[in-house]
Structures are given as C-alpha cells and as structure tokens.
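Make a model of the complete structure from these sequences and hints.
One-letter residues, chain by chain:
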Amino acid sequence: MKTSNRTNPFIILFFILFSAASLLPFWLILMVSLTGQNALVKFGYSFWPKEFDLAAYRFLWHDAEPILRAYGVSIFVTVIGTVVSLFVTSALAYTLSRNDFPFRGALSFYVLFTMLFGGGLLPWYLVYTKFLHLNDSLLALIIPGLLGGFNVFIMRTYFTTSIPPSLVDSAQIDGASEYRTYFSIVLPLSLPVLATIGLFVIVAYWNDWFTSLVFISNDKLYNLQYFLYNTLMNAQYLQAIASKAHIDSASDRILPMEQLQMAMAMIAVLPVAMVFPFLQKYFVKGLTVGAVKG
Amino acid sequence: MKRVKKGTLALSSLLLSLSLVAAGCSGGNGNEAKNNQPANDAQASTNGEKALEPYEVVMVYPDGKQNDLGVVQDAMNDYLKTTYPALNMTVKLNPIDWSAYSDKTNLMMSSGQKFDLIWTANWMNFDAQVNKGGLLPLDDLLSQYGPDIEAVEGKFHDGARRSGKIYGVHVHQELGNPQGIAISKSLVDKYKLDLSGLKSGEFKDLEPILKTIKDNEPSITPAVGPAFPLGAYYGSGSTANIVGPVGLDLRDTDPNNTYKVVNTYETPRYMELAKLTREWFKAGYINKDATTPGVDIWKKFQAGTAFAAIGSDLDILAGTEIGAAQLMPSKTSSVGSDVIQVPLNIDRLQTTKLAATMQGISQTSEDPERAMMLLNLFYRDAKLLTLFNFGVDGTHYVLKDGQIALPDGKTQESVGFYHDIMWQIGNQMLNYTRVGEDPNKYKNYEEFNKKVASNPSPILGFVFDSEPVKNELIAVSKVQSTFDPGLQSGQLDPEVEVPKMIEKLKGAGIDKIVAEAQKQLDAWRAANGK
Amino acid sequence: MQMDQPITASSGKVRTKSAHPFRKLMKYHALWILALPGILLLLVNNYLPMFGIFLAFKSLNFSKGIWGSEWVGFDNFKFLFMTNDIWRIIANTVLYNLVFIVINTALSVLLALLLNEVKNKLFSKFIQSSMLLPHFISMVVVAYLVFGFLNPDLGFINKSILEPSGHEAVSWYMSPTYWPYILIIVNSWKSVGFGSIIYLATIIGIDKEYYEAAMIDGAGKWKQMTKITVPFLIPIMIILTLLSIGRIFNADFGLFYQVTMNSGMLKDVTEVIDTYVYNALLVSGDTDLASSAGLLQSVIGFILVVSVNLLVKRISSDKALF
Numbered sequence: 000m001k002t003s004n005r006t007n008p009f010i011i012l013f014f015i016l017f018s019a020a021s022l023l024p025f026w027l028i029l030m031v032s033l034t035g036q037n038a039l040v041k042f043g044y045s046f047w048p049k050e051f052d053l054a055a056y057r058f059l060w061h062d063a064e065p066i067l068r069a070y071g072v073s074i075f076v077t078v079i080g081t082v083v084s085l086f087v088t089s090a091l092a093y094t095l096s097r098n099d100f101p102f103r104g105a106l107s108f109y110v111l112f113t114m115l116f117g118g119g120l121l122p123w124y125l126v127y128t129k130f131l132h133l134n135d136s137l138l139a140l141i142i143p144g145l146l147g148g149f150n151v152f153i154m155r156t157y158f159t160t161s162i163p164p165s166l167v168d169s170a171q172i173d174g175a176s177e178y179r180t181y182f183s184i185v186l187p188l189s190l191p192v193l194a195t196i197g198l199f200v201i202v203a204y205w206n207d208w209f210t211s212l213v214f215i216s217n218d219k220l221y222n223l224q225y226f227l228y229n230t231l232m233n234a235q236y237l238q239a240i241a242s243k244a245h246i247d248s249a250s251d252r253i254l255p256m257e258q259l260q261m262a263m264a265m266i267a268v269l270p271v272a273m274v275f276p277f278l279q280k281y282f283v284k285g286l287t288v289g290a291v292k293g
Numbered sequence: 000m001k002r003v004k005k006g007t008l009a010l011s012s013l014l015l016s017l018s019l020v021a022a023g024c025s026g027g028n029g030n031e032a033k034n035n036q037p038a039n040d041a042q043a044s045t046n047g048e049k050a051l052e053p054y055e056v057v058m059v060y061p062d063g064k065q066n067d068l069g070v071v072q073d074a075m076n077d078y079l080k081t082t083y084p085a086l087n088m089t090v091k092l093n094p095i096d097w098s099a100y101s102d103k104t105n106l107m108m109s110s111g112q113k114f115d116l117i118w119t120a121n122w123m124n125f126d127a128q129v130n131k132g133g134l135l136p137l138d139d140l141l142s143q144y145g146p147d148i149e150a151v152e153g154k155f156h157d158g159a160r161r162s163g164k165i166y167g168v169h170v171h172q173e174l175g176n177p178q179g180i181a182i183s184k185s186l187v188d189k190y191k192l193d194l195s196g197l198k199s200g201e202f203k204d205l206e207p208i209l210k211t212i213k214d215n216e217p218s219i220t221p222a223v224g225p226a227f228p229l230g231a232y233y234g235s236g237s238t239a240n241i242v243g244p245v246g247l248d249l250r251d252t253d254p255n256n257t258y259k260v261v262n263t264y265e266t267p268r269y270m271e272l273a274k275l276t277r278e279w280f281k282a283g284y285i286n287k288d289a290t291t292p293g294v295d296i297w298k299k300f301q302a303g304t305a306f307a308a309i310g311s312d313l314d315i316l317a318g319t320e321i322g323a324a325q326l327m328p329s330k331t332s333s334v335g336s337d338v339i340q341v342p343l344n345i346d347r348l349q350t351t352k353l354a355a356t357m358q359g360i361s362q363t364s365e366d367p368e369r370a371m372m373l374l375n376l377f378y379r380d381a382k383l384l385t386l387f388n389f390g391v392d393g394t395h396y397v398l399k400d401g402q403i404a405l406p407d408g409k410t411q412e413s414v415g416f417y418h419d420i421m422w423q424i425g426n427q428m429l430n431y432t433r434v435g436e437d438p439n440k441y442k443n444y445e446e447f448n449k450k451v452a453s454n455p456s457p458i459l460g461f462v463f464d465s466e467p468v469k470n471e472l473i474a475v476s477k478v479q480s481t482f483d484p485g486l487q488s489g490q491l492d493p494e495v496e497v498p499k500m501i502e503k504l505k506g507a508g509i510d511k512i513v514a515e516a517q518k519q520l521d522a523w524r525a526a527n528g529k
Numbered sequence: 000m001q002m003d004q005p006i007t008a009s010s011g012k013v014r015t016k017s018a019h020p021f022r023k024l025m026k027y028h029a030l031w032i033l034a035l036p037g038i039l040l041l042l043v044n045n046y047l048p049m050f051g052i053f054l055a056f057k058s059l060n061f062s063k064g065i066w067g068s069e070w071v072g073f074d075n076f077k078f079l080f081m082t083n084d085i086w087r088i089i090a091n092t093v094l095y096n097l098v099f100i101v102i103n104t105a106l107s108v109l110l111a112l113l114l115n116e117v118k119n120k121l122f123s124k125f126i127q128s129s130m131l132l133p134h135f136i137s138m139v140v141v142a143y144l145v146f147g148f149l150n151p152d153l154g155f156i157n158k159s160i161l162e163p164s165g166h167e168a169v170s171w172y173m174s175p176t177y178w179p180y181i182l183i184i185v186n187s188w189k190s191v192g193f194g195s196i197i198y199l200a201t202i203i204g205i206d207k208e209y210y211e212a213a214m215i216d217g218a219g220k221w222k223q224m225t226k227i228t229v230p231f232l233i234p235i236m237i238i239l240t241l242l243s244i245g246r247i248f249n250a251d252f253g254l255f256y257q258v259t260m261n262s263g264m265l266k267d268v269t270e271v272i273d274t275y276v277y278n279a280l281l282v283s284g285d286t287d288l289a290s291s292a293g294l295l296q297s298v299i300g301f302i303l304v305v306s307v308n309l310l311v312k313r314i315s316s317d318k319a320l321f
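Residue numbers (numbering that gives the first Met the number 0), protein chains in the order written: chain A, 0 to 293; chain B, 0 to 529; chain C, 0 to 321.
Because the hints were derived from the structure by calculation, they are not lab data.
Any given hint might turn out to be false.
Derived lysine-lysine pairs resembling PhoX-like cross-links, with alpha carbons at most 25 Å apart [as the list claims (entries may be wrong)]: (1) C:K158 to B:K210; (2) B:K259 to B:K518; (3) A:K41 to B:K210; (4) C:K118 to A:K280; (5) B:K505 to C:K226; (6) B:K113 to B:K80; (7) B:K511 to C:K77; (8) A:K219 to B:K469; (9) B:K164 to C:K63; (10) A:K41 to B:K91; (11) A:K129 to C:K63; (12) C:K63 to C:K158; (13) A:K219 to B:K91.
Dropping the structure here:
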C-alpha cells in the first residue's frame with residue numbers, strides 16, 4: 000500500500016522527457032524570435048541564442064495594427080461561433096434525445112448521413128458564394144464550423160444517459176414549456192458536456208485557416224492563422240514570380256526576417272497556451288462522461 | 000454582353016467624346032455627348048449628358064496588403080468622375096495576396112463571381128482559364144474601345160491568341176530581359192576579380208570566380224538561389240519555347256532540325272547546365288536552402304553572406320549587353336551596398352513571352368465594353384496609372400526632380416500605399432521612375448526592346464493550341480514541379496534524376512504533346528511559308 | 000455511459016401515453032423549432048453541396064455555367080486513372096492513416112497507463128497540459144515549428160546537430176526519403192496527448208473495487224494493469240480504431256499541406272487525396288479532375304464507414320454508430 004503513494008522514478012523521468020519533447024519546439028521558436036540577426040545568420044536556430052534581440056517584437060509592436068485586427072477577427076469569430084454552435088448543437092441534440100419525438104429516427108439519420116458522405120470542396124464553395132453570397136464576410140468564417148454531426152451525437156448521448164428523464168417529466172408535468180425545460184433544466188445539468196464540446200469548437204475556430212483561404216480576400220477580415228500562413232507563403236511567392244513574370248522588380252522590399260515570422264507564430268500560440276491549462280479540468284471531466292461514444 | 004446591347008450605339012458615340020476629352024476639348028465634350036445622345040435617356044442622370052448607366056469595374060490583381068487601398072480607390076474614382084464623366088464608371092480594386100492568387104481566382108471563376116478585369120499570365124493558369132471559358136475573347140472590344148492599346152501593343156497580341164482569338168492584353172513593357180549574374184561589388188574589388196571572361200555568355204566561366212570566394216570567404220555563399228542557370232537563362236538562351244517544356248532546341252546546328260520540336264529536358268545543353276549546377280552544389284558554391292519557401296536572396300546580400308545571384312533577371316540599362324558589367328541600380332538601392340550585374344543572355348522575341356503578364360476580361364463581367372474602356376485608359380492616361388501605381392500625390396509619394404519619392408518621414412511600410420506592380424497593367428512607359436532608378440529607365444526599355452525585337456525566335460507568331468493535349472499538359476507540369484527545383488538548384492544528381500524525370504514525363508504523355516506541337520508547327524509553317 | 004437505454008425508453012412511453020393529443024402536438028412543435036437551426040445548417044453545409052457530385056460527370060465550362068456544361072460520362076475518371084498517380088496517392092493516404100492508427104493507439108494507451116501511475120496531482124496536471132498543448136495549436140503553427148528544426152540553412156537539426164558533428168546538412172524539403180518519418184513523428188506529437196487523455200478518462204472511470212479486490216488477492220501492479228485496466232480499455236480501442244478506419248480515405252489536409260509546405264519535390268511520398276483534390280482545383284484550376292477525385296473519395300469513404308459500422312455492430316451492438 001505504501002508504494003502506491005509513490006510514483007515510480009522511471010515514470011517520472013519518462014514524463015519529464017515526454018513533456019520536454021512536447022514543449023521544446025515552442026521553446027525553439029520562442030528563442031529564434033529573440034535571436035539577434037547576426038547570431039541567427041551565423042549560428043542558425045538554437046535553444047539558447049548567443050545574442051538576444053527584441054527587434055522582431057519591437058517591429059510587431061510598431062506595426063501592430065494588422066496583427067491586432069487579425070486577433071480581433073479570430074476572437075470575434077471564436078466567441079460568437081462557439082456560443083451559437085453550443086446552442087444549435089445542444090438544441091438539435093435535445094430534440095434527438097427525446098424518445099417520444101416521433102421523427103427521431105429520421106432526424107438521426109439526417110444528421111448521421113452528413114458524417115458519411117460529402118459533396119466536396121467545389122460544390123460547398125458554390126453554395127456559400129453563389130447561393131448565400133457570403134464570401135468576404137465574417138459569417139463565412141462562422142457558419143461552416145457551427146454544427147458537426149459528431150458533436151450532436153456526443154451531446155445526445157450525454158442527454159440520454161446523464162439527465163434523468165424523470166426530471167424532464169416532472170418539470171413538464173409542472174407545466175414547464177419545452178423551451179423552459181431545455182434552458183433551465185437540461186442545459187444547466189449539461190455543463191460538463193457543454194464545456195467539452197465548447198473546447199472542441201473553440202479550438203476548431205481558433206485554428207481555422209482554411210475557410211479564410213477559401214472565402215476571404217479582404218485583408219481586413221484575415222484571421223490570425225491565415226495571417227500567419229500568408230506571411231510565410233507570400234515570401235515564397237514573391238520569389239517565384241520575379242523570374243516567371245520577367246518583371247522589373249525595381250525596389251523590392253526586403254522581406255520579413257525569420258525572427259519576425261517566428262515571433263508572429265509565438266503570438267498566435269500564446270493565448271492558447273495561457274487559457275488552455277484553466278480549461279483543461281473541464282475538458283478531461285467532459286471526456287469521462289461519455290464523449291467516446293458517437 | 001446581351002445586357003448592354005441597347006447601349007452599344009451610345010458607347011461608340013461616347014468613345015468619340017472620350018477621345019475629345021483627352022485631346023483637351025473638355026469644354027466641348029458635354030456638347031458632343033448631347034448631340035449624339037441616343038433615345039436611351041431614361042437612365043440618364045440629372046445633368047443629362049450621361050448616356051451610360053453607372054458601372055463599377057472590378058479589378059482583380061495580385062498584390063500585398065495596402066492600408067490605404069480605399070483612399071487610393073476613392074482618388075481614382077474622383078479622378079475618373081471629373082476627367083471622364085461621360086464614362087460614368089467607378090473602379091473597385093480587388094487585390095488578392097500572392098499566396099492565394101491562383102486559388103482565389105480559380106474559385107471566383109468556377110463560382111461565376113462577378114468581376115471585370117483580371118490580371119493573368121501564361122504561367123498563372125491563362126490557358127486553363129481560356130479553355131474553361133473563364134475569359135472573354137477581346138478582338139471586337141479591342142478594335143472598338145482599345146485604340147490606345149492597339150497603338151502600342153497591336154503587334155504583340157500573338158501571345159494571347161488562342162484558337163484565333165485574343166484573350167488577354169499584354170502589358171506594354173520590356174519585350175524581354177537580360178539574364179545573368181548579380182554580384183557584390185565589394186567582393187569583386189577586394190579580390191580584384193576579373194569579369195571579362197564572362198563575355199562568353201557562359202556560366203561555366205564563372206567557376207574560377209566562385210572558387211576564389213569559396214576558398215577565401217568561408218562565411219559567404221558564392222552563389223545564392225533560387226535563381227539558377229537552368230531557369231530563364233537556359234529557356235531563353237537555348238530553346239524556343241512552345242508550351243511547357245516543349246520547344247525547339249536552338250543549339251542544334253543541324254539545319255534539318257531547325258523546326259524539330261523536342262522535349263527540352265532531353266537536349267544536351269540542359270544536361271550540360273544541370274551537371275554544372277550539380278558540381279557547383281557539391282563544391283559548396285550554392286546555398287542549401289535555395290529551394291526553401293521564403294528564402295530571400297537579397298536579404299543575404301544585405302547581411303553580407305552572399306556573393307552572387309546567378310541566372311536572375313537583371314536591370315535593363317543603357318548599354319546592356321552580354322558580358323557588360325554595370326552597376327545594378329535596383330538592387331544597389333534595396334540591398335544598401337553596390338551590386339554589379341553581368342548579363343549572360345538577352346532574350347529573343349518569343350511569342351510565349353508576350354503572354355507573361357496580361358489583363359483579361361472575365362466572362363462574368365456585366366459590361367465588358369466598359370471594362371475595355373477602363374483598360375484602354377491605363378494605356379493612355381499617365382495620371383490614372385500614377386494613382387494606381389504610386390497612390391495619391393503628397394500622401395503616398397512626392398515628386399522630386401520628376402521622380403517618385405516617399406514623403407518625408409515615411410517608409411515603405413508606413414506610407415500606407417506602396418507596391419511595384421507597374422508590370423501588371425497598362426503602358427509602363429508612361430510611368431514615373433522612382434528616386435534611385437535611372438530617370439531614363441523607360442527610354443532604355445525602348446532601346447532594349449529594339450534589340451530584342453531585332454532577334455526574333457524562328458517561330459515568332461506561332462501559337463500552340465493546347466486544347467487537344469490539355470490533360471497531358473497538367474500531368475507534365477506535375478512532373479516538372481517534382482523535379483525542377485531539385486535539378487535547378489543542383490540538389491539532385493542529373494545523371495540519375497534526369498532520365499527518371501524523362502521517363503515520368505513520357506508516362507505523363509509528353510510525346511503526345513511533342514507530336515501535337517510538331518503537327519501544328521508544320522501546319523503553321525506551310526501556311527506562313529517558313 | 001453506464002446508464003442503460005430502457006429506462007429512458009419506458010419513461011418516454013409513459014409520457015406519450017399521459018399527454019393530451021393537443022399538448023403533444025404543441026410539444027413537438029417546440030422540439031421542431033429547437034431542432035430547426037441545426038437542420039438548416041446541415042442543409043446548407045452538407046446537403047446542398049451533395050448535389051454537386053454531378054459535376055464529376057461534366058466538363059465544366061465557366062461561360063456555359065454549371066447547368067449548361069457538357070455531360071462527359073466517365074471521361075473525368077478516365078483521365079484520373081490515365082496516369083498512375085492516383086494509385087500512389089490512394090496508397091499514400093491509406094498507408095499513412097494505417098500507420099497513424101497503429102502508432103497513435105499504442106502510444107496513447109501506453110501513456111495513459113503510465114500517467115495513471117503518476118500520483119502527484121500537480122505533476123500529473125502539468126504533464127497533461129504539456130502533452131495536450133500540441134493538440135490545440137493549428138497546423139499553420141506546426142508548420143512553423145517543424146520549419147524551425149528543418150530549415151535547411153539555419154534550422155536546428157542542420158546547424159546545431161549535423162554540421163557540428165561533421166555530417167552533411169540535409170535539404171529537408173527536397174528529400175522525400177525522410178518525410179514518411181517526419182510526418183509520422185509530427186502526427187504523433189500532435190495527437191498522442193489527446194488520445195491518451197481519452198484513455199485516461201476511461202481508466203479513471205474504472206471502479207476502484209476491482210483494484211482493491213485484486214490487491215487483496217495479492218496481485219501486483221503489473222498484474223492489475225494487464226488483467227484489469229487493459230481489458231477495460233480494449234473495447235474503446237476497438238471502437239476508436241474502427242472509427243478511424245472508416246475515415247482512412249480522408250487525410251489530415253493541414254498536415255500534408257502545411258507541414259510539407261506543399262513542396263513539389265516531396266509529392267511522391269506526401270501527396271494524399273485531399274491535397275491532390277485541392278491542388279487540382281485551386282492551383283491548376285482543373286475543376287473536372289478535382290470533382291471526380293473528390294467523388295471517388297466520398298464514395299469509397301462511404302462504403303468503408305458503412306462496412307466498419309456493420310463490423311462494430313457485430314462486436315458490440317450498442318457501440319455502433321447507427
């Protein structure tokens with residue numbers, strides 16, 4: 000019994016190494032972003048620079064507007080998207096969780112089929128641009144991520160397994176409307192699953208760059224990830240075009256330094272790294288309550 | 000097209016008034032327009048002289064972020080309104096980042112999104128756009144509404160001709176470029192390097208110079224990519240390109256083979272240059288990250304870790320000729336220390352080069368006539384061009400001795416509107432030059448163009464119809480994208496990899512492309528008596 | 000999870016019986032309204048695009064529009080299979096996914112078992128945080144991180160490991176041989192932490208009585224692990240594996256596109272169906288090729304999911320997806 004309170008030192012060692020492996024890449028990027036130009040060119044990237052320099056961050060601070068704006072877009076889309084997504088997902092899941100709902104089977108299949116078959120990129124794009132006319136709007140960044148079949152089923156499973164039906168019954172016998180039952184009984188009892196799904200959705204929105212790539216051409220609406228992606232890729236393209244276009248590239252700008260790119264990556268990771276440890280509790284808890292089953 | 004038919008008559012009369020405006024008869028223009036005003040007056044606005052409904056011409060082109068895009072757009076619209084009221088048009092600038100340009104334009108076309116003018120090029124899906132019906136044929140529009148385009152580019156439409164019709168308007172600019180090396184002057188001086196050997200126009204004569212640097216300056220890369228001899232230098236100096244990697248081998252001296260179409264990867268010259276690059280790579284002359292995305296060779300010049308850029312396009316200067324070492328003004332100013340250029344090849348006039356930067360009109364345009372009118376303005380109106388290229392006077396630039404300079408206290412980053420995309424639209428020769436550039440830049444271009452035009456490709460004017468082999472071309476370009484970077488930068492061993500690539504190209508159907516090109520070329524020769 | 004369906008079902012029955020018909024109608028009316036936003040979203044995001052599959056049988060011409068373009072039967076598919084590319088791409092997609100499934104499952108379970116042995120709460124929380132962090136960052140950032148190690152000129156591996164030790168630097172983004180390993184490592188790095196948390200959650204849920212009983216019987220740590228913990232994990236391992244097999248035709252686009260920087264030289268070993276469709280559609284503008292490859296992926300994926308589900312049903316019917 001005594002031994003079970005102690006952790007095997009090898010396991011501790013193993014996890015120290017493992018955590019290091021998880022975190023070191025971030026450390027490397029952080030250090031690159033802090034390396035002075037000369038040391039960088041001479042010694043390359045290293046875990047402890049020979050020469051520190053905050054130039055990249057000063058530059059970002061100086062020209063902060065585009066990044067702040069990209070931050071703003073990401074935060075706005077993530078917050079609105081997550082709130083709406085949780086509502087829409089749980090509402091649909093609640094309906095599906097009700098055994099007395101006559102079209103339960105058909106509706107389940109309606110949700111399920113979307114997980115099995117897809118129309119592809121081009122038709123999807125056509126629906127958004129030709130039918131909904133949503134390109135170059137924040138809605139185009141929000142709507143695609145609002146509802147996933149998998150999340151609906153996780154919530155439904157939670158509702159059917161963790162909320163005693165008698166509770167819903169008695170509320171309704173007491174004359175509570177369906178909406179009231181849903182808002183004041185079901186939702187408050189479902190915080191763990193809402194937190195879990197919420198975290199999934201937050202991550203998906205925060206990390207999304209693809210919808211921006213496809214729908215957004217107005218640089219004022221770039222989100223943070225796409226802004227990062229763009230910085231890296233533009234540098235590459237500007238090189239490629241010079242020879243192809245036979246252009247007179249009279250006074251090219253000298254492009255952002257490596258440190259700058261890495262500093263931007265750091266700035267994108269930072270909020271996730273800061274917020275995540277606090278949410279982690281809910282996350283693990285949420286997973287224990289039936290997230291596995293779809 | 001249908002939607003505007005009723006206005007066609009009005010349009011042609013307006014064109015008349017337009018030319019009068021431009022000729023300076025601004026007082027008379029209202030009068031003219033009134034006289035010619037057709038029955039269609041229901042839509043005419045208050046002052047009664049506008050026969051055209053207002054129309055917004057959407058311009059799609061690749062460009063980085065400009066904070067003051069809206070300011071410039073407004074200025075352009077004010078200018079258009081006051082100077083060309085009869086056209087009754089506004090522009091909407093719709094720049095797309097380089098990284099997304101091909102993606103976004105493809106999607107916009109496939110979704111049928113409305114836009115009017117689009118920058119395009121034969122290396123940016125021009126052929127796919129034409130084959131897929133994304134661009135309008137421009138022959139009629141050009142002859143009606145493009146007099147100023149025709150005046151400077153009328154002879155150079157062949158590059159944009161597909162199945163007999165013109166689908167793009169080439170930017171009036173240099174007709175070719177010199178290719179060669181750009182080197183750091185301080186190192187040339189330090190080691191008293193002799194550049195006269197380069198008069199041969201051969202890269203192999205650069206070897207001893209690179210070796211000197213390698214031996215004496217361990218921290219400096221002698222030759223930095225991504226520009227290499229196997230790029231533009233090989234293509235222009237040794238082949239007459241037809242489509243993709245298919246063309247004529249101009250180094251083949253057998254007179255029977257003058258018009259023999261080949262896969263240019265199979266020529267001895269390609270292998271020779273590939274081996275040379277490989278040797279240089281193995282000797283450590285070439286940077287290892289030459290093919291890495293985001294590598295900026297000029298930054299290495301700035302940091303003092305690079306000696307030469309090899310195979311890149313060079314400045315067009317007075318007296319530019321093979322082997323002539325001259326100070327390279329553009330890079331000297333951006334790098335901040337002296338850079339010398341030595342041309343090793345000068346382009347011939349080639350049909351394909353005339354499609355390297357163009358404007359097309361989208362089939363989704365609701366008023367192609369108006370789009371063409373605007374495009375025409377870019378070939379005649381220096382003020383409009385200046386607004387588009389340099390922004391608003393006093394805010395984004397000031398004129399110093401007739402050259403463009405940044406306003407005091409402003410940098411390229413902080414000025415709000417700064418780009419170098421003169422090569423994307425209009426008549427470049429009408430542009431201002433920037434401070435630091437040769438004020439005679441465009442005069443030099445004209446001179447240089449004469450030189451290029453005097454050395455035409457044997458198949459100048461021949462246009463390949465890619466429709467019969469379009470699938471093969473896609474497959475071939477995939478193989479190319481796999482091997483090109485590695486071979487060009489010397490990272491792959493050509494003796495092993497070139498045969499492998501040729502085999503893959505055959506699998507992708509390159510022989511069919513060669514045969515088709517030969518067939519079309521023979522027919523063209525018969526028709527043109529060559 | 001351990002709650003059983005029958006209770007809900009029977010209570011539902013009771014409820015319907017007791018409800019007044021009119022009230023019942025009103026009640027369902029409300030449920031429909033709650034479900035409506037979700038129904039509409041699925042319609043827009045999923046069902047409307049499905050009609051687009053017919054594009055795979057057309058030669059899309061922009062000026063004729065989607066409806067006016069010519070029908071070409073199976074021509075697009077013929078071209079898809081004309082070169083041998085497609086087989087290599089399918090092989091890449093499937094093989095990578097298989098390797099990912101095996102390695103990630105094994106590592107995740109192993110980590111979960113070990114993590115369960117860590118008694119210090121704070122330390123355990125720190126480990127969980129650090130190994131989950133990679134899961135929560137975007138592939139764009141991952142591409143930057145990988146670039147930090149592999150940048151051929153300045154990257155950590157070339158500059159700080161290979162060159163000082165006298166080895167020749169490697170042009171990573173040009174050398175296909177290394178990429179299967181790189182991609183596997185990156186994928187594990189990003190997803191093993193998350194996987195192990197799922198298993199850990201299951202382990203925590205195992206009734207403590209089992210272990211107490213085992214200890215009374217004198218079973219050691221190893222015995223407890225192999226005889227109690229692992230058997231509890233096996234059903235979930237099977238379900239998760241089968242679910243992944245159902246998606247074996249869908250590659251992680253971000254991984255293969257961003258982390259490789261879409262480098263042409265690496266295509267032989269890094270091109271998967273998703274990047275192929277993307278490149279065909281957006282880079283070369285070949286809508287026909289893209290829609291036929293996309294449909295192929297959808298159809299095979301569909302068949303796989305349905306068959307896997309049948310299999311799951313055989314093994315444990317309540318775990319089946321449908």
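Fill in: Violations among the numbered hints, reported as their numbers in ascending order
5, 8, 10 and 12
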